[in-house]
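With these hints in hand, go ahead and build the complete structure from the sequences.
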Amino acid sequence: DTAVSQTPKYLVTQMGNDKSIKCEQNLGHDTMYWYKQDSKKFLKIMFSYNNKELIINETVPNRFSPKSPDKAHLNLHINSLELGDSAVYFCASSQLAYYNEQFFGPGTRLTVL
Amino acid sequence: QQPVQSPQAVILREGEDAVINCSSSKALYSVHWYRQKHGEAPVFLMILLKGGEQKGHEKISASFNEKKQQSSLYLTASQLSYSGTYFCGTEGGAQKLVFGQGTRLTINP
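These protein sequences, in sequence, are chains A and B.
Numbering-wise, this note's numbering comes out as the position in the first sequence, counting from 1, plus 437.
Numbering-wise, this note's numbering comes out as the position in the second sequence, counting from 1, plus 323.
Just so you know, the hints here were simulated from the structure itself, not pulled from any lab data.
Incorrect hints may have been included.
[Unchecked claim] Covered stretches of chain A, going by a simulated chain B footprint (3 or more residues, C-beta under 8 Å):
1. 467-481
2. 485-497
3. 537-550
Glycine included, every Cβ here is placed at the ideal spot set by N, Cα and C.
What follows is the structure, encoded as C-alpha cells:
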C-alpha cells in the first residue's frame, strides 16, 4: 500500500487555467504539507495542516488554495496558472509535527505552457 | 533563512567516505536530512534534535553542533545506492522545515 499518494503524477496545462492536485495518506498522520520544488531543485514549504487546521501559510500567492476535508487528505487548487507555477509539487505527512520524519508523496510535475 | 550546504556536489568512488555540511545563521531546534534520487521523492535519513537526541537509519551518522548551528552528515564506505541529492532541513521554532540548496552526490564503481 502506498503511504502517501498524489494525483495526477503529471499535469500539463495552459496559462490561465485552474487545476487541482490531490493527496492522500494512509499512515494515520495528523500533519500534512505541500512543498514546491523548482527547476533548480529548491524545495520550499507552501502550506501545512494539522488535523484539518491550517498551521503554516508561506508567502504563497492567493491563487493557491489548499483544502483538507479530513486529516488523511490535503488537496491543492491553483487558479489562473502562470508560467512560474511550473514545478514539482510534493505532498508530505508526519506524525505530530515538524520534528518527526516526513513521508513524501511521489510528486506532481506541473508544466504550464 | 535558507541553510547553506557544502559542498554543492561531490564525486566518489565506491567505498570512499564523504561528509556533507549544513550551516544556518539562525538558532536551531532540529536538523533533518533527506536524500532524493532523480525523479523521485525525498526520503528521510535522520533527525537531530536540540539536546542531543537523534532519530534515523542505523547506517547513517550525523552530528549537530547547536552552538554553531551546524550539522554534518557522514557517509562511510559509500555504495552505489548512496547516489542522489542530499538536503538538510532546519527548524528554528517556526514549526516548518527550511531546506538547503542540496548536495549532489555521485558514486562511481
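Checked hints:
no. : hint    : verdict
1   : 467-481 : holds (count 5)
2   : 485-497 : holds (count 4)
3   : 537-550 : holds (count 8)
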